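Protein chains: 2
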Amino acid sequence: MSRAWNFSAGPAALAEAVLKRAQAEMLDWNGSGASVMELSHRGKRFMELAAATERRLRRLLDIPSNYKVLFLQGGATQHFAQIPMNLAPEGGTADYIVTGIFSKKAASEAAFHVDARVAATSESTDFLTLPPRPAWRLNPQASYVHYTPNETIRGLEFHEIPDVGDVPLVADMSSNILGAPLDVSRFGMIYAGAQKNIGPSGLVLMIVRDDLLARPPRPIAKILRYAEQAANDSMLNTPNTWGWYLAGLTFEWIEQEGGLAAMAERNARKSAMVYDTIDGSNGFYRNDVERAARSRMNASFVLHDGALDSMFLAESEAAGFIGLKGHKAVGGMRASLYNAVSPAAVEALVQFMRDFAARHG
Amino acid sequence: MSRAWNFSAGPAALAEAVLKRAQAEMLDWNGSGASVMELSHRGKRFMELAAATERRLRRLLDIPSNYKVLFLQGGATQHFAQIPMNLAPEGGTADYIVTGIFSKKAASEAAFHVDARVAATSESTDFLTLPPRPAWRLNPQASYVHYTPNETIRGLEFHEIPDVGDVPLVADMSSNILGAPLDVSRFGMIYAGAQKNIGPSGLVLMIVRDDLLARPPRPIAKILRYAEQAANDSMLNTPNTWGWYLAGLTFEWIEQEGGLAAMAERNARKSAMVYDTIDGSNGFYRNDVERAARSRMNASFVLHDGALDSMFLAESEAAGFIGLKGHKAVGGMRASLYNAVSPAAVEALVQFMRDFAARHG
Chain A
1 MSRAWNFSAG PAALAEAVLK RAQAEMLDWN GSGASVMELS HRGKRFMELA AATERRLRRL
61 LDIPSNYKVL FLQGGATQHF AQIPMNLAPE GGTADYIVTG IFSKKAASEA AFHVDARVAA
121 TSESTDFLTL PPRPAWRLNP QASYVHYTPN ETIRGLEFHE IPDVGDVPLV ADMSSNILGA
181 PLDVSRFGMI YAGAQKNIGP SGLVLMIVRD DLLARPPRPI AKILRYAEQA ANDSMLNTPN
241 TWGWYLAGLT FEWIEQEGGL AAMAERNARK SAMVYDTIDG SNGFYRNDVE RAARSRMNAS
301 FVLHDGALDS MFLAESEAAG FIGLKGHKAV GGMRASLYNA VSPAAVEALV QFMRDFAARH
361 G
Chain B
1 MSRAWNFSAG PAALAEAVLK RAQAEMLDWN GSGASVMELS HRGKRFMELA AATERRLRRL
61 LDIPSNYKVL FLQGGATQHF AQIPMNLAPE GGTADYIVTG IFSKKAASEA AFHVDARVAA
121 TSESTDFLTL PPRPAWRLNP QASYVHYTPN ETIRGLEFHE IPDVGDVPLV ADMSSNILGA
181 PLDVSRFGMI YAGAQKNIGP SGLVLMIVRD DLLARPPRPI AKILRYAEQA ANDSMLNTPN
241 TWGWYLAGLT FEWIEQEGGL AAMAERNARK SAMVYDTIDG SNGFYRNDVE RAARSRMNAS
301 FVLHDGALDS MFLAESEAAG FIGLKGHKAV GGMRASLYNA VSPAAVEALV QFMRDFAARH
361 G
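Chains as they are written, first to last, in full-length UniProt numbering: chain A, 1 to 361; chain B, 1 to 361.
For the record, the hints were derived by calculation from the structure and aren't laboratory data. Keep in mind it's a predicted model, so treat the numbers as computed, not measured. Among the hints, erroneous ones may be present.
When chains are identical, the list treats them as one kind, so a pair holds in a single copy or across two.
[What the hints assert, rightly or not] Heads up, simulated DSS-like pairs for lysine-lysine below, C-alpha to C-alpha not over 30 Å straight-line:
#1 K44 with K328
#2 K20 with K44
#3 K104 with K328
#4 K222 with K44
#5 K105 with K328
#6 K20 with K105
#7 K44 with K104
Using the sequences and the hints given, assemble the complete structure.
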C-alpha cells in the first residue's frame, strides 16, 4: 500500500495513526463485537466515548466551564443559517467581517434570517488582505460579530483575535481550529466543520458560551435550536457517531503529539518551508497575500506562467502528491497544511517545487 | 475477533462484507493513496463514486426519472423541520398521520413551520394499531400528507401504501427503506436516515419528485432548500463523504445478495421466525401490535413477568447478543431485523429465546 502526500483543502488528510486505529477497530470496537457505527449512540459504550472526547477537547483547548461543547451536523454552511436563528431575535442585526468567499457566504446565508451587515470587507483587494481593525464599522447593538479567522481559498489568516468590545464574537474556525492554542474566553461562539483539522466531513464542532444559549428562542423547530442540543448533550437525534469517534481519535493523537503548542510549532515550521520556497523562487512561484496575514493552514501560490499549471499538477500527481489544485474561484495551486500533514510531506513538496522550478524556470 | 449478534434499532448492524471492504480500503481507497474520507468531494474519484451510488440506488428501487436523489445531513429529525419549509408556503397546511413516537415528533417539529394537522392518529391504542384509512380526515388543500411507514419503537408497519389522492405523499422511511421493493411513483417524497438500512448515521437519503422541488421557495437560506441541493447534486456544501461511500457499498451488497426482492423474502422469513417464537411461547413472550401491522424490521416483545427483563438482557448479552433492550418509552425487548441482520443471527436469537423461556417459564 502506498500513501499519497495529501495536501487537500478539505476533506483533508487524517493522521495515519488515526486511520490505522479505525481500521483495526472496524469490525470490533472496544470489545463490543461491533463497529462503533453499528452501536446505539445512547448505549453505555458510545456515551463514554462521547464524554471522553469532550473531556479531551476541553483539555486541549482549555475550554472554560461556562462554555458548552456540541457535536452537530450540516457542515459549517448550515450553521451560517442556524446561527442567526439562534443568536439574534427576529428583526435583529448582526455584523459580518468579510475576508473571503466563506465569510461572504456566511453573511449571505445569514441575511435570510437576520439583518446581516457587512461591517468590514477586503473584497476590494480581492481578499488578499485583512481590513484594518480601525476601519471596522461595528454596531454596538448587533447581536454578534461574525468572522472567519482563516479563509482557506486564498489562505488568509487572522493571527490575532480582534477586539470587538462587549458584542459576542462568533468565529467559523473550520480551517484553523486546533492548529494552535486558543483563548476560548475571547469568543461567544466557535464552530468548525470537522473535515480539515478534526475528522471526516459531516460533523460540526461548536463551542458556545452559556449566555448565548439562554437567548430567547425563535419559533423554530427544536432540532434547530442549539440550547436544545446542549440540554440533550448533542443527542436530540442520532448524531454522526463515526465522525464523533474519529474526532476523539484525532484529539487523542494531538495529545500524544504534544498538544496544541506542538501543533502550532509544527504548523509554523511547515508553512514557513512553503512560503520560503515561494519567496525564494525568484518569481517562479508567487503568493500575493498580505505578508502578516498569510495562513499557516493553506498556502496558495501561482506559477509565473499560468500555462505551466497543468504540467505542475500532472507532474506532482505522478510524483505522489494530491490535492494541490487551487480552488476554482482563484485558480493556481494551494497546499493545505493541516495538523495531519506531516513535516515529511512538506519536505517532499518543497523539494518537488524546487525541482519543478529548476526544470521549467 | 468475535462479532456479536447485533439487533440494534439504529445505528444498526452493517453487512460484514461492507465493513471488511471499508476496512481494507481505509488507508488507500480506489488507488488514490488516501482514505475516501481524505479526498475532496469535488475530485474526480469521489464524483464518480457519487454518480455510481446514485445509479445503483435508482436500479434497486427502479426510481422514475422525474425524481431526484439527494444525500443530505441532519438526520430525519432535521427534515421534520425542513420539509414544511420546502414543501408548504408560509401559512400553509399539511396533514400528518400519527402512528408512533416518530410520526408524532415529525408533526410537532413541523408545527413550527406549517399548520401541521393530525389527520389520523392511533395514540388512543398506545400506537399498537394503524388508524383505518377510511377514518383519516384528509384536507384536499394540504401541501402534503406525511406518514411513517414503519415505526421502529413499537414495530408497527404499513404493508400497503395508503391512497391519499392528489396530495403528495411524504414518507419517513428511515427504518424500512430497501427492506422490500417499493413503488416510488406513489410518493411525492421519500426520506430516510441512513443508520438502519443504508449505512452509518449522519446521512439522510431523499428521493423527491421534480414538481415538489419547483414549489416557490420561502425566504430561507439556500443551504436549507432542497431545490438548491438538487441543482448542486447534493454538494451545495461538503457532504458526509464517508456515509455516502458506505451507502454505496451497502447498495452494492444488496445487489449482490439478489436485490430488494431477495431482501423482502429474507426479511419476511426472519420476522416470521421471531413472531412465531413469540406467539408459540404460551404467553411467556407477548407482542401486542395489531397482527396485520406487525413490522418486518422491528419485532418488539415483552416478557410475561417484567421482573425477568433484566435477566433476559444480562443473559442475552453474555450469550453474545447486543441491542435487544426496548426503547425507553415502551420498555421490554426489541429485535431489529434490518437487511444486514443475517438469518443466522435470527436463528441464534430464537433459539436463545426458547431456551430462556424453558429455563424461566
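Consistency of the hints with the structure:
In this homomeric assembly, K44 and K328 come within 30 Å of each other (Cα to Cα) only across copies, at 14 Å, whereas the closest approach inside a single copy is 45 Å. Taking identical chains as interchangeable, the C-alpha atoms of K20 and K44 lie at most 30 Å apart whether they share a chain (24 Å) or sit on different chains (25 Å). Taking the shortest alpha-carbon separations for K104 and K328, only the intra-copy value of 16 Å comes in at or below 30 Å, while the best inter-copy value is 45 Å. In this assembly of identical chains, the alpha carbons of K222 and K44 lie at most 30 Å apart only when taken from the same copy (25 Å versus 38 Å across copies).
Taking CA atoms no more than 30 Å apart as the test, K105 paired with K328 passes inside one copy only; the shortest distance there is 16 Å, against 42 Å between copies. Proximity of K20 and K105 under a CA criterion of 30 Å is satisfied in neither setting, with 36 Å inside one chain copy and 40 Å between copies. For the identical chains of this complex, K44 and K104 are inter-copy neighbours only, at 27 Å across copies versus 42 Å inside a copy, given an alpha-carbon limit of 30 Å.
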